[in-house]
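**Q** The primary structure of each chain is shown beneath.
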Amino acid sequence: MAAAFQDYYQTLGVARTAGADEIKKAFRALARKYHPDVAKDKKEGEARFKEINEAYEVLGDPEKRKKYDELGENWDKPGVSPSGWHDFPRQESDGPGGGAREFHFEGTGFSDFFEQFFGHGGGVGGFSSATRQPDSGIHHGRDIEGAILVTLDEAMHGAVRQISLQSVDPRTGEAKTESFKVRIPKGALEGQVIRVPGKGEAGVGGGEAGHLFLRVRLASHPDFRALGADLYYDLPLAPWEAVLGTTVRVRSLDGDLDVKIPPGTANGRKLRLRGRGLPQPKSDERGDLYVVAEIEMPEKIGAKEKELWEQLRRESSFKPRD
Amino acid sequence: MKPSKERDDTSGELYTIETVERITHISKDRIMVYQQYGIITAVSPAPPEELRFDEEAIHKLRRIALLLSEYGVNEKGVLALSSLIDEVERLREEIRFLRG
Chain V
1 MAAAFQDYYQ TLGVARTAGA DEIKKAFRAL ARKYHPDVAK DKKEGEARFK
51 EINEAYEVLG DPEKRKKYDE LGENWDKPGV SPSGWHDFPR QESDGPGGGA
101 REFHFEGTGF SDFFEQFFGH GGGVGGFSSA TRQPDSGIHH GRDIEGAILV
151 TLDEAMHGAV RQISLQSVDP RTGEAKTESF KVRIPKGALE GQVIRVPGKG
201 EAGVGGGEAG HLFLRVRLAS HPDFRALGAD LYYDLPLAPW EAVLGTTVRV
251 RSLDGDLDVK IPPGTANGRK LRLRGRGLPQ PKSDERGDLY VVAEIEMPEK
301 IGAKEKELWE QLRRESSFKP RD
Chain F
1001 MKPSKERDDT SGELYTIETV ERITHISKDR IMVYQQYGII TAVSPAPPEE
1051 LRFDEEAIHK LRRIALLLSE YGVNEKGVLA LSSLIDEVER LREEIRFLRG
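Top to bottom, those sequences are chains V and F.
If you read the first sequence in the working numbering, its first letter stands for residue 1, the second for the next number, and so on.
If you read the second sequence in the working numbering, its first letter stands for residue 1001, the second for the next number, and so on.
No lab work stands behind these hints, which were simulated from the structure alone.
Watch out, some of these pointers could steer you wrong.
[Unchecked claim] If you want the ones that stay clear, here's a sample from chain V, every Cβ over 12 Å from chain F, calculated:
| no. | residue |
| --- | --- |
| 1 | F117 |
| 2 | H157 |
| 3 | S167 |
| 4 | K176 |
| 5 | G205 |
| 6 | F224 |
| 7 | W240 |
| 8 | E241 |
| 9 | D258 |
| 10 | V259 |
| 11 | L273 |
| 12 | K282 |
| 13 | W309 |
| 14 | R321 |
[Unchecked claim] One-sided excerpt, in silico: chain V residues whose CB lies under 8 Å from chain F:
| no. | residue |
| --- | --- |
| 15 | R65 |
| 16 | D69 |
| 17 | L71 |
| 18 | D143 |
| 19 | G191 |
| 20 | R195 |
| 21 | S220 |
| 22 | R225 |
| 23 | L227 |
| 24 | F318 |
C-beta atoms are modelled at their ideal positions from N, C-alpha and C, and glycine is treated no differently.
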């Protein structure tokens, strides 16, 4: 079963020549619009949010974008393989009975197309006893690996996801679909592994079935970046706000918070809001939220503003290079 | 340990070394070696019989089993490859964080 091509440029509404900043800006605007927390139609919003995330996962990463561009319109033609690519593991791995078995996921938040070309480690892997008991006729099934897209809200509260895994027998073309529930644990972190026992390849001759391993990919958020259980929020500040200090309302997973910006805040300074991050795995504690000061410069200034800046230049004792 | 009836996954569960041995088909002695080399990490330091491992350790050990049995990698190669794979994964996470 062929995966349907995904036009990620169309999804983000950007030209193929768009720069990295333009792509990031387009992603953030769309992610804000369709974020499940704010979308008017929750179901539609969630579906769009996942599409946008997948598109940004590829176009926002220069290496993946290059590979995607190389795939282009000929992505499904036999023999087409972008430079530096090897055949996808699931296409070259012989199952216990011989032949290459295909797998397709539903419910992980990623399209089949993404899984096939960009889902790190996606496909078949893991334990196989094919060489362990060569004469016994017993072959344990191999593990299947994939990625699962998890929103910060799901990581915050936990969730249960219905996943479907379709496997296609290479000899008969017969497709078998199995559905099961997977729990996203509260405190799921980027890169965490979720195991579903027995949902990998079937064993042969009484061998055990392999396992399904899903690696958590936290969905990119328009406001926050996650590092472990800590969250980072980039806060744009005017130069005078950084110098004089101010109080700014910032978003958090617990709602808006008033944050005091101390006078003399330097660019890149991190202000820690303890316990406002994601839940720590296997703990009641939460990570922290770091508000990162980003001092922005005005692109255009009026005559009066220019006059004030010039007055500041004349009168300021600040010597940054001394 | 059996998964809950409400779901099929085992996320959040911890395993004794005996259970890890059964799931991964790697002997306890080898599991201890991989732990000593830092390839897998027990949830908290303890004597072998009290050690508990999470899904990440299970995943790594099954990958090691694959490298040994199907790719013909020797033990030294497994240690080197496992470290490199972990490093790649860590760097991927860092890149994802930095690009936002």
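**Q** Run every hint past the structure and note whether it holds.
**A** Going down the list of hints, with the structure as the test:
1. F117: 16 Å, holds
2. H157: 14 Å, holds
3. S167: 16 Å, holds
4. K176: Consistent with the label, V:K176 stays out of reach of chain F, its closest Cβ about 16 Å off (over 12 Å).
5. G205: 16 Å, holds
6. F224: 9 Å, violated
7. W240: At roughly 26 Å from the nearest Cβ of chain F, V:W240 sits farther out than 12 Å, so the non-interface label holds.
8. E241: 22 Å, holds
9. D258: V:D258 is indeed farther than 12 Å from all Cβ atoms of chain F, at 24 Å.
10. V259: Non-interface label on V:V259 holds, nearest chain F Cβ at 19 Å vs cutoff 12 Å.
11. L273: Its Cβ never comes within 12 Å of chain F, the nearest being 18 Å, so this holds.
12. K282: It is violated; V:K282 is separated from chain F by about 7 Å at its closest Cβ, not greater than 12 Å.
13. W309: Label holds. Min Cβ-Cβ 30 Å, cutoff 12 Å.
14. R321: Answer for V:R321: holds, closest chain F Cβ roughly 28 Å.
15. R65: 11 Å, violated
16. D69: 18 Å, violated
17. L71: Cβ of V:L71 sits 20 Å from chain F, so the hint is violated.
18. D143: For V:D143, the interface hint holds, since the closest Cβ of chain F sits about 6 Å away, which is under 8 Å.
19. G191: Hint on V:G191: holds, closest Cβ of chain F at ~5 Å, below 8 Å.
20. R195: 5 Å, holds
21. S220: 7 Å, holds
22. R225: Result: holds, 5 Å to nearest chain F Cβ.
23. L227: Result: holds, 5 Å to nearest chain F Cβ.
24. F318: Since chain F brings no Cβ nearer than about 30 Å to V:F318, farther than 8 Å, the hint is violated.
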